[in-house]
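Asker: Now for the letters of each chain:
Protein chains: 2
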Amino acid sequence: MTRPAPETIGRFTIHARDGEARRGSLVTAHGEVETPIFMPVGTQGSVKSLCPQDLRDAGAQIILGNTYHLYLRPGDELLARRGGLHRFAAWDRPILTDSGGFQVFSLKEIRKISEEGVEFRSHLDGSKHFFSPEKVMAIQANIGSDIMMVLDECVAYGADREYTAKSLELTTRWARRCREAHPKGKNGQLLFGINQGGFCKDLRERSLAQLSEIDFDGMAIGGLSVGESIPEMYDMLGHITPQLPAEKPRYLMGVGTPMDILTGIEAGVDMFDCVLPTRNARNGTLFTSRGKVNIRRAEFREDDSPLDPDCSCYTCRTFSKAYLRHLHVAQELLSYRLHSLHNITFFLKLASQARAAIGQGRFAQLKARYAEVFTSGRG
Amino acid sequence: MTRPAPETIGRFTIHARDGEARRGSLVTAHGEVETPIFMPVGTQGSVKSLCPQDLRDAGAQIILGNTYHLYLRPGDELLARRGGLHRFAAWDRPILTDSGGFQVFSLKEIRKISEEGVEFRSHLDGSKHFFSPEKVMAIQANIGSDIMMVLDECVAYGADREYTAKSLELTTRWARRCREAHPKGKNGQLLFGINQGGFCKDLRERSLAQLSEIDFDGMAIGGLSVGESIPEMYDMLGHITPQLPAEKPRYLMGVGTPMDILTGIEAGVDMFDCVLPTRNARNGTLFTSRGKVNIRRAEFREDDSPLDPDCSCYTCRTFSKAYLRHLHVAQELLSYRLHSLHNITFFLKLASQARAAIGQGRFAQLKARYAEVFTSGRG
Numbered sequence: 576m577t578r579p580a581p582e583t584i585g586r587f588t589i590h591a592r593d594g595e596a597r598r599g600s601l602v603t604a605h606g607e608v609e610t611p612i613f614m615p616v617g618t619q620g621s622v623k624s625l626c627p628q629d630l631r632d633a634g635a636q637i638i639l640g641n642t643y644h645l646y647l648r649p650g651d652e653l654l655a656r657r658g659g660l661h662r663f664a665a666w667d668r669p670i671l672t673d674s675g676g677f678q679v680f681s682l683k684e685i686r687k688i689s690e691e692g693v694e695f696r697s698h699l700d701g702s703k704h705f706f707s708p709e710k711v712m713a714i715q716a717n718i719g720s721d722i723m724m725v726l727d728e729c730v731a732y733g734a735d736r737e738y739t740a741k742s743l744e745l746t747t748r749w750a751r752r753c754r755e756a757h758p759k760g761k762n763g764q765l766l767f768g769i770n771q772g773g774f775c776k777d778l779r780e781r782s783l784a785q786l787s788e789i790d791f792d793g794m795a796i797g798g799l800s801v802g803e804s805i806p807e808m809y810d811m812l813g814h815i816t817p818q819l820p821a822e823k824p825r826y827l828m829g830v831g832t833p834m835d836i837l838t839g840i841e842a843g844v845d846m847f848d849c850v851l852p853t854r855n856a857r858n859g860t861l862f863t864s865r866g867k868v869n870i871r872r873a874e875f876r877e878d879d880s881p882l883d884p885d886c887s888c889y890t891c892r893t894f895s896k897a898y899l900r901h902l903h904v905a906q907e908l909l910s911y912r913l914h915s916l917h918n919i920t921f922f923l924k925l926a927s928q929a930r931a932a933i934g935q936g937r938f939a940q941l942k943a944r945y946a947e948v949f950t951s952g953r954g
Numbered sequence: 576m577t578r579p580a581p582e583t584i585g586r587f588t589i590h591a592r593d594g595e596a597r598r599g600s601l602v603t604a605h606g607e608v609e610t611p612i613f614m615p616v617g618t619q620g621s622v623k624s625l626c627p628q629d630l631r632d633a634g635a636q637i638i639l640g641n642t643y644h645l646y647l648r649p650g651d652e653l654l655a656r657r658g659g660l661h662r663f664a665a666w667d668r669p670i671l672t673d674s675g676g677f678q679v680f681s682l683k684e685i686r687k688i689s690e691e692g693v694e695f696r697s698h699l700d701g702s703k704h705f706f707s708p709e710k711v712m713a714i715q716a717n718i719g720s721d722i723m724m725v726l727d728e729c730v731a732y733g734a735d736r737e738y739t740a741k742s743l744e745l746t747t748r749w750a751r752r753c754r755e756a757h758p759k760g761k762n763g764q765l766l767f768g769i770n771q772g773g774f775c776k777d778l779r780e781r782s783l784a785q786l787s788e789i790d791f792d793g794m795a796i797g798g799l800s801v802g803e804s805i806p807e808m809y810d811m812l813g814h815i816t817p818q819l820p821a822e823k824p825r826y827l828m829g830v831g832t833p834m835d836i837l838t839g840i841e842a843g844v845d846m847f848d849c850v851l852p853t854r855n856a857r858n859g860t861l862f863t864s865r866g867k868v869n870i871r872r873a874e875f876r877e878d879d880s881p882l883d884p885d886c887s888c889y890t891c892r893t894f895s896k897a898y899l900r901h902l903h904v905a906q907e908l909l910s911y912r913l914h915s916l917h918n919i920t921f922f923l924k925l926a927s928q929a930r931a932a933i934g935q936g937r938f939a940q941l942k943a944r945y946a947e948v949f950t951s952g953r954g
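From first to last, the protein sequence lines are chains A and B. Taking our numbering as reference, the numbering of the first sequence is continuous, increasing by one, and the terminal residue is 954. Taking our numbering as reference, the numbering of the second sequence is continuous, increasing by one, and the terminal residue is 954.
Quick caveat, the hints were computed from the structure, so don't treat them as lab data. Cβ atoms here follow ideal geometry from the backbone N, Cα and C, with glycine treated the same way. It is possible that some hints are incorrect.
As the list claims (entries may be wrong) - To give a feel for the contact side, a few chain B residues facing chain A, derived at Cβ under 7 Å:
(1) Thr618
(2) Gln619
(3) Ser621
(4) Ala655
(5) Ser681
(6) Leu682
(7) Ile685
(8) Leu745
(9) Gly859
(10) Thr893
(11) Phe894
(12) Glu907
(13) Tyr911
(14) Tyr945
Unchecked claim - Rough simulated footprint, nothing fancy, chain B against chain A, three-plus residues with beta-carbon under 8 Å:
(15) 626-640
(16) 759-773
(17) 785-798
(18) 863-872
All chains, full assembly: derive it from the sequences and hints.
Answerer: Next comes the structure, spelled out in structure tokens:
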């Protein structure tokens, strides 16, 4: 890989627009990422069941790591001694790490929030730990991610207005401390802020106004896809996304289904991550150009056709639905990899098609075509 | 793949000898197999966690399928309608199927043996089934395997002499019925007999004498590695193998460790299969040129060196022991594939080195070299 010139790192260029949708590119220390992009999730330093070559074959440009998980295991200091996550996991393309905020807050009963940070117990052994904004910056520096995320509080769905308002102020203060702990440009690692504010539009705007005063390399939308209805999510997405700084990359965290992603792109989002393609691979739910396929279904017992005739992944090039169904029913380990490889390829192709469509001013047609085979329901 | 000329199918050629050890080649309907060879086990139509490309990369020339498992799921008639297991599993090299005898007899409480065959209950749903010699020939014909095995009774370790003697006679009668049900040369599928007789040398010889009257394409040794001590197994191996027809391929079923395989080769065995490399991959036991490695060990936490510097598999070319240990400890699915890929590569390289050593008359040195790092213990 050719490393980009240091002064270009963080540069986000918009190449085309189609309504609010944008086609762009972001330069990171490990190379350029074309947007809109889908980022496969490698929580523990491995995208479930896939090796780096599989990810390259699927067209992955950037993958995610998780600060919380990697801090606990194998440990960020160990990673630093190994030369960082890229070298450890043999992945030489960009890596984004989320701050661990979402994971810690989903621990619920075993964490305690204060101004200073959040105390929590490990889901592995119950041991006590403390994340401060400064600490998560240090951890992500050790991991060596190309894009770091600030520590934020992701409020639960249904949290009241008062709590949400107080929480977003805390997230802002933590965001400022993250920026101060990690001066812009340091080691070429970028830092993104995270917009919170629950499902109150004015609180989302307040969060955004506060974060806009801090010099981030990109802005994320957190706290969506946490239990709300689809219309509620899409409404907030359409409201807040266009208000995010136009000249910086926008990242919708943890979302979502193909229609969620297309709706996000339509609203102006540039980056997405979700465990959906790998999680669904496990239960045999596969995304294809004809819609979702549940490979367990008896109708595929003797189906010699490929899973998706429009897909060029190894799974679709090599095997029939009948064989994939057999592997799944027989609980063969290979099943999970073949399904993951296909689903990840599908999500990356969706992003690639979106980029092309935006460039040609026909994004609405692309979205309409997908809407014919995918409903807006949950993955 | 170029299909061999029909008249050459079944031809076994010995290219070199070194003591009792032989280097040869066997022509099957799906191509030639060099011997001695290790055959990875794909019980349910998939070698655990590996895709056909992985197997080719590892140097696999022939894989195993299991009649019992494939009959139950996906069903041999379904396989026949799909064009056989080769096409179903996208594997165009040779396949050997064992007859299911071993699996059925290990069901113990849920099977009943008679002259006609064996009645058993499925481990999947408890449904009742019947395997006769004729039935397992028909199933293997449907699977389309290149090398079929006769239905045999594999007596348990510790069975008394009387039972063992009666059992081997039954195995002989069943072997004859298998040969009659599947005339030699039919569809290019080869048929191997199976020597039984427990741990009584004279009974092994009696079995062999009876089976030698039937025209098989190769001879297997069954009923070893069933609970006996290593010296007991090696003693029987050294006694019976040289008595097997010299001009036909010899197959030691379900064995074994690297030292078991080298001991088998030394005694004149040509073919081996064992679940050891994939089963051990699951618990993190890896075979290397320096001996067995338990990747869980704390000493590998910060070990940046490859698992086996003498191995050229993807796992060893790409990752450090520290990363492999992390994946294993974190129970990442990728771990199982990387370990399997390495272990299978190791066993295939062992066979390849044995072939080369026999050709050069230095097999004893090769075995001595492995004996320095591998003990003769179980897996």
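Asker: Does each hint hold? Answer for all of them.
Answerer: Verification of the hints:
1. Thr618: violated, 9 Å
2. Gln619: Hint holds; B/Gln619 Cβ to chain A Cβ min 5 Å, cut 7 Å.
3. Ser621: holds, 5 Å
4. Ala655: violated, 11 Å
5. Ser681: Given a least distance of 19 Å, the restraint on B/Ser681 is violated.
6. Leu682: With a closest approach of 18 Å, the B/Leu682 hint is violated.
7. Ile685: violated, 20 Å
8. Leu745: Violated. Min distance 31 Å.
9. Gly859: violated, 15 Å
10. Thr893: Holds. Min distance 5 Å.
11. Phe894: With a minimum Cβ separation of about 6 Å from chain A (threshold 7 Å), the hint on B/Phe894 holds.
12. Glu907: holds, 5 Å
13. Tyr911: B/Tyr911 check passes; min Cβ-Cβ to chain A is 6 Å, inside 7 Å.
14. Tyr945: violated, 29 Å
15. 626-640: With 3 residues closer than 8 Å to chain B, the region 626-640 of chain A meets the three-residue bar; holds.
16. 759-773: violated (count 0)
17. 785-798: violated (count 0)
18. 863-872: violated (count 0)
Hints 1, 4, 5, 6, 7, 8, 9, 14, 16, 17, 18, counting from the list given before, are not met by this structure.
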